[in-house]
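Q: As a plain string of letters, each chain reads:
Protein chains: 4
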Amino acid sequence: MTKNLFPLDSTKPFTEQAILGHNRWHGDIPPAVTVKPGDVFRADCREWFDGYIKNDDSAVDIASAPMSIVHALSGPFAIEGAEPGDLLIVDILDVGPIPSEEGPLAGQGWGYTGIFAKNNGGSFLVDQFPDAYKAVWDFEGGYATSRHVPEVRYAGITHPGLMGVAPSKDLLSTWNTREAALIATDPDRVPPLALPPEPQDAILGTLTGDDYDRVSKEGARTAPARENGGNQDIKNFTKGTRVFYPVYVKGANLSFGDLHFSQGDGEITFCGGIEMGGFLDLKVDLIKGGMDKYGVSENAIFQPGISGPQYSEWLAFSGTSVTLDGEQKYLDSDLAYQRACLHAIDYLTKFGYSPEQAYLLLGSAPIEGRLSGVVDIPNSCATVYLPTAMFEFDVTPSKNGLHAIDPGIGAPKADNP
Amino acid sequence: MTKNLFPLDSTKPFTEQAILGHNRWHGDIPPAVTVKPGDVFRADCREWFDGYIKNDDSAVDIASAPMSIVHALSGPFAIEGAEPGDLLIVDILDVGPIPSEEGPLAGQGWGYTGIFAKNNGGSFLVDQFPDAYKAVWDFEGGYATSRHVPEVRYAGITHPGLMGVAPSKDLLSTWNTREAALIATDPDRVPPLALPPEPQDAILGTLTGDDYDRVSKEGARTAPARENGGNQDIKNFTKGTRVFYPVYVKGANLSFGDLHFSQGDGEITFCGGIEMGGFLDLKVDLIKGGMDKYGVSENAIFQPGISGPQYSEWLAFSGTSVTLDGEQKYLDSDLAYQRACLHAIDYLTKFGYSPEQAYLLLGSAPIEGRLSGVVDIPNSCATVYLPTAMFEFDVTPSKNGLHAIDPGIGAPKADNP
Amino acid sequence: MTKNLFPLDSTKPFTEQAILGHNRWHGDIPPAVTVKPGDVFRADCREWFDGYIKNDDSAVDIASAPMSIVHALSGPFAIEGAEPGDLLIVDILDVGPIPSEEGPLAGQGWGYTGIFAKNNGGSFLVDQFPDAYKAVWDFEGGYATSRHVPEVRYAGITHPGLMGVAPSKDLLSTWNTREAALIATDPDRVPPLALPPEPQDAILGTLTGDDYDRVSKEGARTAPARENGGNQDIKNFTKGTRVFYPVYVKGANLSFGDLHFSQGDGEITFCGGIEMGGFLDLKVDLIKGGMDKYGVSENAIFQPGISGPQYSEWLAFSGTSVTLDGEQKYLDSDLAYQRACLHAIDYLTKFGYSPEQAYLLLGSAPIEGRLSGVVDIPNSCATVYLPTAMFEFDVTPSKNGLHAIDPGIGAPKADNP
Amino acid sequence: MTKNLFPLDSTKPFTEQAILGHNRWHGDIPPAVTVKPGDVFRADCREWFDGYIKNDDSAVDIASAPMSIVHALSGPFAIEGAEPGDLLIVDILDVGPIPSEEGPLAGQGWGYTGIFAKNNGGSFLVDQFPDAYKAVWDFEGGYATSRHVPEVRYAGITHPGLMGVAPSKDLLSTWNTREAALIATDPDRVPPLALPPEPQDAILGTLTGDDYDRVSKEGARTAPARENGGNQDIKNFTKGTRVFYPVYVKGANLSFGDLHFSQGDGEITFCGGIEMGGFLDLKVDLIKGGMDKYGVSENAIFQPGISGPQYSEWLAFSGTSVTLDGEQKYLDSDLAYQRACLHAIDYLTKFGYSPEQAYLLLGSAPIEGRLSGVVDIPNSCATVYLPTAMFEFDVTPSKNGLHAIDPGIGAPKADNP
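Protein chains in written order, with numbering that gives the first Met the number 0: chain C, 0 to 416; chain H, 0 to 416; chain R, 0 to 416; chain L, 0 to 416.
Source of the hints: derived by calculation from the structure; they are not laboratory data. Glycine included, each C-beta is placed from N, C-alpha and C at the ideal position. Wrong hints could be hidden among the right ones.
Claimed, not checked - Dumping the calculated DSS-like pairs for lysine-lysine here, alpha-carbon to alpha-carbon at most 25 Å:
(1) R:K349 with R:K412
(2) C:K117 with C:K398
(3) H:K35 with H:K168
(4) H:K292 with C:K349
(5) R:K349 with L:K292
(6) L:K398 with R:K282
As the list claims (entries may be wrong) - Covered stretches of chain H, going by a simulated chain R footprint (3 or more residues, C-beta under 8 Å):
(7) 239-252
(8) 299-312
Model the full structure from these sequences, guided by the hints.
A: Below, the structure is given as structure tokens:
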């Protein structure tokens, strides 16, 4: 095991740790740790709601989860010698849940998936699923099972949902400007179009006083992916992945968090990955002048690891860009993917799952979501692939009778407050 | 080899064959062939432009390709006993190019990829690539190489781009109504939002006289995927795939065509797959009452084959839903995928490829395009994965010098007429 | 499709074809065809018993199959410029069964697996299976099913069992000397230790007269793999494979045959692959002086194709080098693999298969056979892996009840003559 | 993380731990731990030489390694309710190196591979490699690199080399009898044919006094795989694997150790895996009466995990059963595999590796070793597959020049004492 440069105590909240991370993006947040190119190190990560979500059979916590505190990020890590224009190489050497006994913090032998309610973030299928639901998953090695979603067991595709570098002052300004413009088009929308800077609950490392006040008002929220990487939720950032980030500030200032024990493409329930606290083992290095050398001015590029779970048999569903109400949209792959996912949910309910159980499964299992056709006007075609081996029964269509699952206690629901 | 129930003569156009197919969707097009559940058979397919595109170093044919004639489909195949409400099982037992000597028809040892010009269909990156380009690919077994895109060689992911069943009268009416409504929102758009029924060049099997006239005015164009399957361009319909279609008319009336020697997710150059004529070996069967039994009312579901090319090492690019001009869009995965593809193109040009060569490669090679993040407001995150083994040099970022390819004669261009 | 340089008529025996192949190895057999480095071509191949085995429910043909006529090889193909010391590159561009209607020759929509009787060749488990059995497999695309082995369906791993180059005079002499020495240790053994040159039924291309007589007495039998490649029965010589052969004579004189629709590692039933006639599409090239450059003086080296069937879920059995009678042998991986295979057979009989049905399945399906431990005195450990997806029921051990298959008509047996 | 039921202190030898394991097989060794069916737990494991081998540039320790102390096993674990005739299910939930800072014990960030000298165990290629050599491998996440074998980096295939259950009294007697009979055929052989019981250095858990004396004289050595599983060295026992063991004694008495960070098929250098101390997370369960139900009377059966490293591109070598001296042997797959491995070694030396470096690489990297042909008299054909991605240069044959590696300090050698 490599040296832990960002150790966290699972029994304490993010703000009471010996080392302080952050939950906003800003180039002025001071590095918490400084490392050298070639260094290998471990860092702990808090789960994205910092312990708010419980291992129980209620979804009240999902319904009331405080968005202003996300994401609890470990970092920034300054890399000596990194300068704007370089490419930062980050090797994800290992990633996993909290290596300790079972406990109350997600990552201690369990994790959770939530369908977020329309008035608290919403989700990819918010119109069909406006209420809050939760599923708790138990970990056995690399496998997940759930008392809330019976008769499935799958090898998780474990990865960090969020990793990125600090923005330059100009880049941050660009973000705030363009996102404010979007919000201004419909400022009262529920859920909102984007999240502006939010001083409340801002955690900014060791910053204090006026600096804290200023940065808390300027710092970008961590919800979206942006030029710096960020909350990309790429399920393929598995152990063994090499990521390349453009460097925008001296030292690069790498941060990360939002670990997922598993996640399907899209993280469609909003908190679709199986959320957990845990650890990352990383190695960092630099390609000096790499941004220009390779034409990478923004957004991470990466070589995925080769040790993710390997499935060979899939059941797949397709969708096109026509709304449930029958309206024809123009080449809308998001709509097409929604329709493909809804088809998968409809299918699974025939076996006895509730729609919410099926949805929670799609959000957390290592499903593949592909942009199959994006040019055949007016319909995009998107496809979603479910590994059949995760079902403990034959889930494929046949002339035989269907297996009827026992839905058990079902997925806990919370009414909207 | 199985019995060929739809043999085509590669030297003759679609309209002069002994057996007649069709290029519009309509339930009144009479079956060309009738088969029984359990039957195994072969059918030949014309390439989608029926031989218009040549194996040469000019893109004039791409620039002037006649959209009204597409897609030349083999069928309809009626399946005895099929009734609305059933699920039609189609096993893709084999798929490949024309099994004959080299010749002038795409599929005879070669195929093509075209970037379609803005005024003739356009493509996924039409704003960046408004002009017509072409690449010709030579086949060696399952591998493709091109004099127009040097220093790559890859195992193609061969599949039919288009397969589907006939719509019922009501379903056809639904299509025409909703697509007309979309067109009406911007009827003069270039490229258009959708394609209305077009009597010119309509091929409708053995229909004649008044029936021909009526159906030619009602028949839906074959460009988009719809409830009946259709032009889904799912690259994973490889040999060994089992597809399930909802049945809308007596006999199901299965048709197919638009074979691709290979294609990347999205078929991003519009005619991005390596287009070819060829053959399909199919087996058909029925699940009586399967639509209700499995909750499949529309859009194909499928189990992909396990003999597609298997790559383990990838170089991947990510993109988010911000336009090249810096405008923030809301959760737009198409835009995010465009940005990811543009990043890949930018990267490849550093090795000496022209942007068009890189684009033609992405459209035809077995790249993966995934909807990685679709809920993190306001940015979708899409990713595109290139198999590194297809490059005859080390294409990954490193501290070493870059390999410089010899771009050769380049990809032929045609000015817009 | 590439030009067929070695066309065969499926209705005629090997000796009545317009182009003549051979069934012995000798450097003096004249080339049947001459090609150039870089050439791409097709060649037809007869099944290894030249049509003797029938598609019926009897194993009499297996029991009496004439060993002296094997293997009917297509070739030799001389490659212009090839000289001793070069490496010959052979790309297996495609391989498949006879591309014609169903017919009586194996490869015309069907193939066969035989357990060979002790007095006619024997097999890997000859002591446990002394009698002749047969299974006929029907092809549907790349999949095989059998009326003689029910409730299995698998994607075959199609390949040529035999490919090689002509030996030099010295090399041939080495073979004959060393194999004669082995035979001399137990000349009356049944089955024999090796097969000496056999003039009867020798087919030697266009050789006639004294040359025929001489070569028929000197030519090595084609049963074993040797320095020149030969009957290696490597199941991984799938479509897309690149093989490198050392060149021993001017022109290299490449020959091939013994096509298998599928085969498990070891080809354990002796004629374990699903035997068939068919075709190969090949490309040849040279690395001048490659034998010394790469240290390859004998035995093929190769890069396997990436489009073989891809399974992810396996049920595996292990064995060690202790005989069924309880005798401890020293590091004998053949014995260990026999024991692993016997364990798999014992297991499958619990589901209702006869031991012979299980054995015929192991010989033909794409099972993996690995040398897991070869140094832990005194026991080797060998393992055999069965893809679970080939069974139409759950074949894995569990607390539930076992599925009972319907063994149907069983595998035909023939008493030893 | 699951509860650690067998914690070991990395700074202390096996005999000074708070919990005592064993290094002989005997049914009378008392359980160290008792668990219930369904329990999940962690256990630590010592490396097989209990810390004797150092992280240095000398092979003196390999040359003098004390065979009498191996293998230091964790256990026995009694499973409540297990009785002879049951099948014990063991899920390998996780396996990895020692989760602590770097240190002097193999498993603390590093591991080793040794070629064992002829007079101290020998190896698979003992005639070609009679002397002792060592390579130290550094771990970075799941990847291994070595200062002794430059320009390679690979994802290890991590697994326990040894796992098994206690033998019944009768079974133990059978072992001792048959192995003594083998030894008696050549009692002075170097290396020996088998290892008889050896009281010296016997560790037998909590046994003392007369019981210790008796069991130390009867207990079987742990070197070979046997009916009870044992030292199978199956590289595919990766994370996620489910193993089924026949139960021979009340409680089953499961033990394990000999963890490998990686290993090639065969573990050909004798200590070929990258040896390390580490941990296993396991879940145990029972199939009552499973031995008869599934016909499993001996040797483990298993379902391998799906998260091992996934390679798609390989360079493979074949060999046949002819000795280096030219003697023809009869269907000897061990010899064929030796020849295939020697071919691979010859090949790699052309790039600048010493033969020993190449050998150490083959023993530790995730190479595949297959029994390709076992029936084609008189030659077996065995094949060995090297993943090309582990080389940091193009290792495939081509017309271009060869890359010359820098062999660096080379692999340390020790003369035989």
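Q: So which of those numbered hints doesn't the model satisfy?
A: 2, 7
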